[in-house]
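J.: Those protein sequences? They're chains A, B, C and D, same order as listed. According to the numbering used here, the first sequence is numbered sequentially starting from 151. According to the numbering used here, the second sequence is numbered sequentially starting from 252. According to the numbering used here, the third sequence is numbered sequentially starting from 150. According to the numbering used here, the fourth sequence is numbered sequentially starting from 346.
I should point out that these hints are in silico values taken from the structure, not numbers from a laboratory. None of the values given here were measured: they were computed from a predicted structure. Please note that the accuracy of each hint is not assured.
Stated by the list, open to error - Restricting the straight-line Cα-Cα distance to at most 30 Å, the calculated cross-link-like pairs of lysine-lysine (DSS-like) are:
1. D:K574 - D:K505
2. A:K217 - A:K180
3. A:K540 - C:K166
4. A:K525 - C:K166
5. A:K180 - A:K314
6. C:K447 - D:K347
7. D:K677 - D:K348
8. D:K669 - D:K429
9. D:K429 - D:K651
10. D:K576 - D:K449
11. A:K599 - A:K584
12. D:K449 - D:K620
13. D:K518 - D:K504
14. D:K624 - C:K191
15. A:K258 - B:K465
16. C:K166 - B:K465
17. C:K191 - D:K625
18. C:K191 - D:K429
19. D:K692 - D:K678
20. A:K314 - B:K465
21. D:K375 - C:K191
22. D:K441 - C:K447
23. D:K512 - D:K479
24. D:K348 - C:K191
25. A:K624 - B:K579
26. D:K483 - D:K505
27. A:K646 - A:K540
28. D:K347 - D:K651
29. C:K191 - D:K347
30. D:K449 - D:K479
31. C:K447 - D:K348
32. D:K620 - C:K191
33. D:K512 - D:K429
34. C:K191 - D:K427
35. C:K447 - D:K574
36. D:K576 - D:K375
37. A:K220 - B:K465
38. A:K217 - B:K579
39. C:K447 - D:K483
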Amino acid sequence: MSDAVLRSERLCKRFGITTAVDDVSLEFEKGEIHGLIGENGSGKSTFCSTLCGIYPPSSGRFLLEGKELKARSQVEANRRGVSIIVQETGTLPGLTVAENLFLGEEDKFMHGIVKDAGAMDREAQRLLNEYGFTRIVASRMIDYYSFEDRKLIEIVKATYFNPKVLVVDETTTALSQSGREELFTVMDRARSLGNTVIFISHDLEEVIERADRISVLRDGRLVATVRSAEVGSGELKHLMVGRELGTHYYRTDYGEPVPDEVVLRVDDLSVPGQIQGLSFDLRKGEILGIGGLSECGMHEVGKAIFGASFGRSGRVTLEDGYGVDSIPGAIRHGVAYASKDRDNESVVIADSIRDNICLPSLDDLAAGPFLRSGKLDAFARRNAELMSVKMTGIDQYVSSLSGGNRQKVVLARWLGKDSDILVLDSPTRGIDVKVKADIYALMDELRRKGKSIVMISEELQELLGMSDRILIMKRGRISGEFARSRSLGERDLITKMV
Amino acid sequence: MPPGFWRPRIINASGSFQKLKASRAFGISALVALTLLFWAVFRLLSPTNFGSSRQMTDYLQTSIQYAVGGCGLYFIVVMGLFDFSIGANIVLSALVGVLLSRHYGYWGLVLGCLLCGTLIGAFNGLLYSRLRIPSMIVTVGLMLVLESVANFVVRLDRAGFPGKLSSGGMLAFSRAPWNYIAAGAAFLLMFFLLRFTRIGTYCNAIGSDELVAKNMGVDVERYKLIGFVLLHFFVGVMALLTVSYGRGMLAVTGMSSMDRNFKPLMGTFFGVAFKKYGCPVSAIVIGEFIIIMIFNGLVALNVPTTINDFVTGAVLLTIVTLTNRGAKGSVVK
Amino acid sequence: MEIQSEASAVGKVKSRKYLRELMPLLGFMGVIVAFSIATGGKITAPANLSLMLSQVYVLLISSMGVFMVMTVGGLDFSQGSILGLSSIVFCWVSGHSIVAGIAAAALAGAAMGAFNGFFHVRFRIASFIVTICTMYFFRGLCKYITTNGPVPAIPEVLELNLTWLKLLLAAVMLMTGFAVWRFTRVGCDLRAIGAGETAARFSGCRPDLRKFLVFTAAGAITGFASFINVVKVGSITGTAGSQLETQILIALVLGGMPISGGAKARFSNIIIGTLTYCVLEMSLPMVFPIPATQQLVKGMVFLVVVALTIDHESLRVIK
Amino acid sequence: NKKPLIGVSIWSSTDTLGSQCKRILDAAAKALDVNLMYIDQGHVSEKVTASAETLAAAGCDGMIICNSASAEMNAVINTCTKNKMYLAQFFRIIDKTANPNEYKLACQSPYFIGAVHESEVDNGMNLVRILCEKGCRKIALEGWNSGDATFLLRWQGYKKGIEAWNKANPKSKAVLLDPQYGGTTTDTGRATAEAIINANKDIDALIVAGGGGDTLIGALAAIDSMGLKGKIKVMSTDFLADLDQQLASGAMAGESGGHYADPLFAFMLVYNAVKGNYKKPAGSFYEIIFPYLYVASPADYEAYAKYFVDDLPYNASELVAMSKLSEPDLAKKSAALSIQDVMQRRK
Ligand SMILES: Nc1ncnc2c1ncn2[C@@H]1O[C@H](COP(=O)(O)OP(=O)(O)OP(=O)(O)O)[C@@H](O)[C@H]1O
Ligand SMILES: Nc1ncnc2c1ncn2[C@@H]1O[C@H](COP(=O)(O)OP(=O)(O)OP(=O)(O)O)[C@@H](O)[C@H]1O
Ligand SMILES: [Mg+2]
Ligand SMILES: [Mg+2]
């Protein structure tokens with residue numbers, strides 16, 4: 151008890167009618183990594199945002215080392231020794247690395263109102279070197295660095311001042327394996343210095359492996375806090391959803407023959423700087439998994455098949471001989487695509503559910519050039535209900551839906567379009583186990599109906615569990631191919647990835 | 252302004268040429284080369300009556316007033332905001348300056364222009380943040396209001412010639428060296444603000460992503476307000492230079508002051524276009540100079556000045572196209 | 150009990166939403182009522198109807214194009230210059246045949262719009278910048294052509310200055326516009342592009358093509374409106390159409406158009422906005438004898454109406 | 346018996362010339378107990394025609410207008426006819442040969458009462474003659490906006506003046522450069538004048554054709570700052586409030602102007618039409634020619650300033666008397682206006 155560095159007392163946070171965090175009292179000990187898990191929308195991010203001053207709590211409070219913590223902004227929280235690494239990008243283009251690192255903390259370099267830009271660059275470089283990121287130059291524009299490098303810069307930004315509490319919110323999904331390792335090193339170091347890390351992730355294995363203790367949230371309430379050494383992922387899942395998960399989490403069949411009919415042929419597909427000379431077939435009723443490290447180019451494959459890449463060469467040919475070269479063409483010929491970047495590339499975020507579901511099918515719903523809004527409404531409602539999207543009505547804006555429901559809208563749209571080939575990039579990214587199971591079931595059902603699916607995923611379990619065939623990519627090329635088999639394990643895949 | 256207006260693009264720096272291209276030296280040489288190019292073209296076409304050193308100083312003298320306004324606009328434009336009321340503010344501040352100069356001489360003129368300009372900036376900024384209306388809209392409304400207020404101010408001027416600087420004195424800023432001193436001080440201040448205070452960093456940060464900047468502890472509201480105040484401070488300097496340059500100011504109605512917004516904005520376009528090379532201030536000054544040079548070149552060729560807008564538009568479009576293209580697939584509004 | 154309160158809260162949210170959508174209409178009503186009283190009923194007198202309407206046509210028609218541009222999130226500041234230049238084209242060609250003149254003006258407008266669209270889409274330059282450049286570009290041409298005097302229209306054209314004809318043309322344009330907006334995929338596409346361009350692209354809209362076409366259409370529509378403009382003014386000087394772009398912006402904003410476009414754009418924005426603007430334009434001189442006062446009041450009414458009617462909720466970031 | 350309401354559609358009621366016009370119109374309206382309603386249309390064609398509609402909707406009994414291009418008068422006259430609103434032009438007349446249709450319409454409309462204008466061509470010729478006589482041989486021209494009706498007429502006059510001079514003095518010919526346009530503000534006026542002078546170092550005269558006076562102020566600033574004061578002779582058609590100083594210092598060579606009372610006569614035409622005193626001549630309309638005053642020395646200007654700037658050329662009782670004149674007498678009254686005329690009346 152005396153070791154508690156941070157305590158929340160009866161913390162509540164309400165957004166209008168939803169209670170995101172409901173009466174949570176939690177203790178975080180000095181020098182521990184504390185996992186925080188829960189279904190999507192269970193309040194993890196909100197809890198931490200409240201801690202870090204992004205939102206004020208509705209009631210209750212935080213106590214940091216016995217004193218009340220009432221930060222009104224992230225910078226204020228930082229000054230009290232609490233910092234956060236968020237899932238989204240936290241760096242700003244148009245500024246240098248150093249300016250990004252010390253954004254909001256320029257005071258150290260100010261002489262009156264004059265800023266000592268040189269000293270700032272030097273200090274930033276010193277920190278980067280200390281973390282081992284020597285390849286990053288502090289005085290350069292951050293625009294020069296990749297997404298992953300920027301994440302590393304953010305890690306430096308969040309930890310260089312040795313915060314007492316560090317929050318890592320779903321950061322790992324954005325990082326490749328090596329980036330993760332670097333993050334874990336930083337986390338371990340923070341723990342060894344006697345600091346506390348709050349670690350949020352949907353990857354239960356990862357949480358069990360890294361965390362000392364794990365707290366589970368459900369619908370904003372604290373369900374339990376357990377020692378990670380004493381639980382398995384099954385128990386955690388049970389705690390998260392409050393019921394036993396069905397056994398059919400992944401598909402269970404093995405050895406079912408895949409029809410030989412090729413529905414999509416990829417020939418010598420290249421995108422400059424992304425993928426090189428890819429060739430493979432997709433067969434009818436097959437789930438083709440594509441895996442690899444985050445930056446291996448596999449995400450570009452989905453775009454290239456869908457006709458959405460810039461500067462693509464090579465051919466993507468459908469069963470009927472049609473060569474896909476544009477998005478509208480792909481859609482017309484029954485190719486569907488759900489992007490990894492859901493909010494930017496899949497759903498039109500500031501538009502209604504109705505429009506989102508109807509967009510690809512507008513031409514089918516029109517009589518001549520004319521649309522009938524009754525028909526559109528019915529179409530949208532039917533498909534949204536088919537996917538059991540949680541909504542107040544089809545007029546609701548997608549921006550007010552949770553991540554999982556947004557993904558359901560994406561799937562509803564393609565179900566409505568009745569596409570024969572679905573390219574799903576990270577279909578369960580950032581989605582809770584319940585919705586995950588629904589999506590897997592749906593994929594299996596579609597497969598049985600003779601639809602073909604390309605599933606691009608960073609989650610090896612998912613690839614192993616769902617695919618008929620798995621292609622592994624490395625540096626823009628295919629480095630291995632595996633057929634569905636019970637004996638196939640993660641290790642087999644990883645050897646081809648790295 | 253629509254979001255994402257000045258979202259900087261991601262530069263891929265692989266080769267050494269790319270590195271060179273991203274340097275300040277490259278930007279400044281490009282600007283100088285552009286100036287020389289236009290000079291050479293007009294000089295060739297019209298060797299006797301264009302581009303002597305004496306004439307060049309005349310061009311420069313004309314262009315600096317617009318460059319000062321362009322500097323001010325830069326603060327707002329990089330944040331993705333805009334202000335349509337600067338023309339109206341030039342008119343109003345100049346008239347206030349003239350009015351005060353009747354009683355307090357140069358002090359009245361200078362402080363009248365600068366203070367009135369700055370106060371209006373604060374007013375615009377406050378109204379923008381209090382009413383929570385997009386800047387482009389709120390400033391159109393303010394333009395209407397300020398334009399008409401200027402008409403009431405000019406009526407207070409009981410001198411024989413309302414709005415005109417008395418010909419005996421008060422004209423120091425209409426010619427060298429004082430016009431250069433005033434404009435030069437403004438450029439230096441701009442350079443200092445961008446490089447040695449946090450304002451430049453914060454304005455860029457707000458322009459890149461306001462929400463992230465806010466989470467990083469940038470007091471967005473405050474720096475937007477500072478942006479407006481700085482903009483209109485520079486507009487105040489511009490008003491001083493403009494009223495001195497023309498020796499008088501005319502109060503107008505019916506949105507005619509809008510015309511005054513665009514000359515400074517052209518310089519700002521240059522500044523933003525060359526921002527990635529790290530030399531916005533020089534780009535604004537040189538850009539305005541080029542525009543005035545083109546105007547004079549056309550007159551030297553005895554082309555009717557009516558074509559001037561056409562050429563200016565074409566040159567601006569070309570330069571923006573060459574320097575400020577978005578990446579393929581990027582979202583530009 | 151909990152469920153009930155939740156349902157009523159949802160209801161509250163919904164009714165707030167409808168109220169928001171009604172705000173511009175209420176603003177319009179407010180302006181009408183206030184100025185009817187101030188002018189002693191002059192602005193609503195039936196005898197004045199055709200006069201009150203006469204300034205609406207050009208603004209109303211050309212607003213339709215800009216409405217679409219703004220829906221996809223763009224801005225068009227070259228509209229005034231387009232009106233001027235296409236009016237000149239109309240004057241030239243109408244000597245042969247008036248119908249051909251209209252077609253030529255619309256084509257010229259389309260060409261200018263396409264020019265805007267090309268630079269905006271092909272080179273990815275913000276529409277605000279492109280159209281400020283072309284505002285100068287087209288205006289320069291317009292001024293240059295009129296250097297030696299206005300470009301006159303043939304006398305027969307002026308005989309077409311008939312209220313019923315203008316009303317008919319405006320109504321036909323409006324109805325066509327509405328039909329296209331409402332009953333074809335255009336409206337859906339444009340709103341989606343405005344609300345999230347990348348996602349719209351991945352859903353099968355063609356944002357680049359659409360945007361190009363939208364700018365072209367905006368030019369063509371204003372080109373068409375130049376017919377009504379010429380019918381009213383008879384000859385074209387270098388300043389023809391000046392500030393039309395600002396008038397359109399003010400009108401659309403008064404009508405409730407969100408400046409960043411997207412899903413909240415409503416066709417009614419055009420009608421309510423242009424009517425409000427024209428009522429203001431017409432009634433202010435009746436109430437205030439001095440132009441400076443007229444404009445002061447106009448500016449304040451504009452600010453007040455916008456402040457009261459603007460939809461803050463959809464503006465997460467106010468630019 | 347309600348007060349008559351007369352509309353004034355003017356380019357600007359606030360610039361140098363416009364505000365003076367407003368001053369004399371306000372005085373007349375006060376003397377005759379008339380309400381005035383101003384609309385500034387900025388010489389933008391759409392706004393010019395719209396101004397007539399706005400005035401009609403406001404229920405004006407009559408209006409006076411300074412239009413931009415003559416073709417605009419078509420719609421304006423029609424609006425007035427339809428709404429039974431009397432109309433007179435000021436500073437403008439529809440040219441019979443250049444705009445025959447508008448001219449015909451004006452003659453036919455029972456509500457188009459007449460036009461008051463200056464003889465711009467003569468004025469142009471005069472200015473050029475004076476310059477040539479002062480020894481100038483290369484004359485530059487700075488206008489305000491291209492295509493403006495008045496500017497075009499003046500330009501015609503300048504060209505005619507040069508022609509006449511060259512015919513009379515074949516040995517010492519003068520040239521007139523093509524116009525450049527300097528807008529209506531002082532700073533654009535100066536920038537344009539500087540450009541003209543820089544591009545033509547050998548000019549010895551500059552005519553600033555008008556534009557309300559502010560363009561001229563800018564042009565004078567340009568000449569002054571380039572150290573050419575007196576070397577380039579400046580003529581213009583807009584009196585400045587400090588013309589005496591400008592003349593004394595040699596910045597200005599001379600000037601025509603003083604025409605701000607022109608709208609007064611248009612106002613009188615409309616006022617009398619509204620009162621039913623004037624019947625429009627069948628098949629034509631009244632045309633009043635307003636004289637320019639020419640000022641070439643500080644002494645001239647001193648007198649002008651006394652009676653035209655510090656005071657108005659007509660006082661209240663004179664205005665009332667003027668309103669009772671018949672149309673031919675009104676025209677005579679207008680033609681008679683000069684500095685001497687006012688001096689005599691004030692004695
Ligand atoms: N801006 C908003 N306005 C209103 N409600 C919102 C907003 N953002 C989120 N919500 C509400 O929050 C819920 C989802 O929140 P959040 O985005 O945190 O979900 P999540 O945890 O990512 O869930 P998922 O499992 O679906 O990914 C939605 O049900 C929605 O009602
Ligand atoms: N901005 C918001 N406005 C309204 N409601 C919100 C908002 N943000 C979150 N919520 C609500 O808070 C609840 C918890 O969301 P939170 O983001 O904390 O979940 P989470 O556990 O972090 O989910 P995830 O695992 O997807 O990150 C949601 O169900 C939603 O109802
Ligand atoms: Mg979260
Ligand atoms: Mg989430």
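J.: Hint by hint, which ones does this structure get wrong, listed from lowest number up?
T.: 9, 10, 22, 27, 28, 30, 33, 35, 36, 38 and 39
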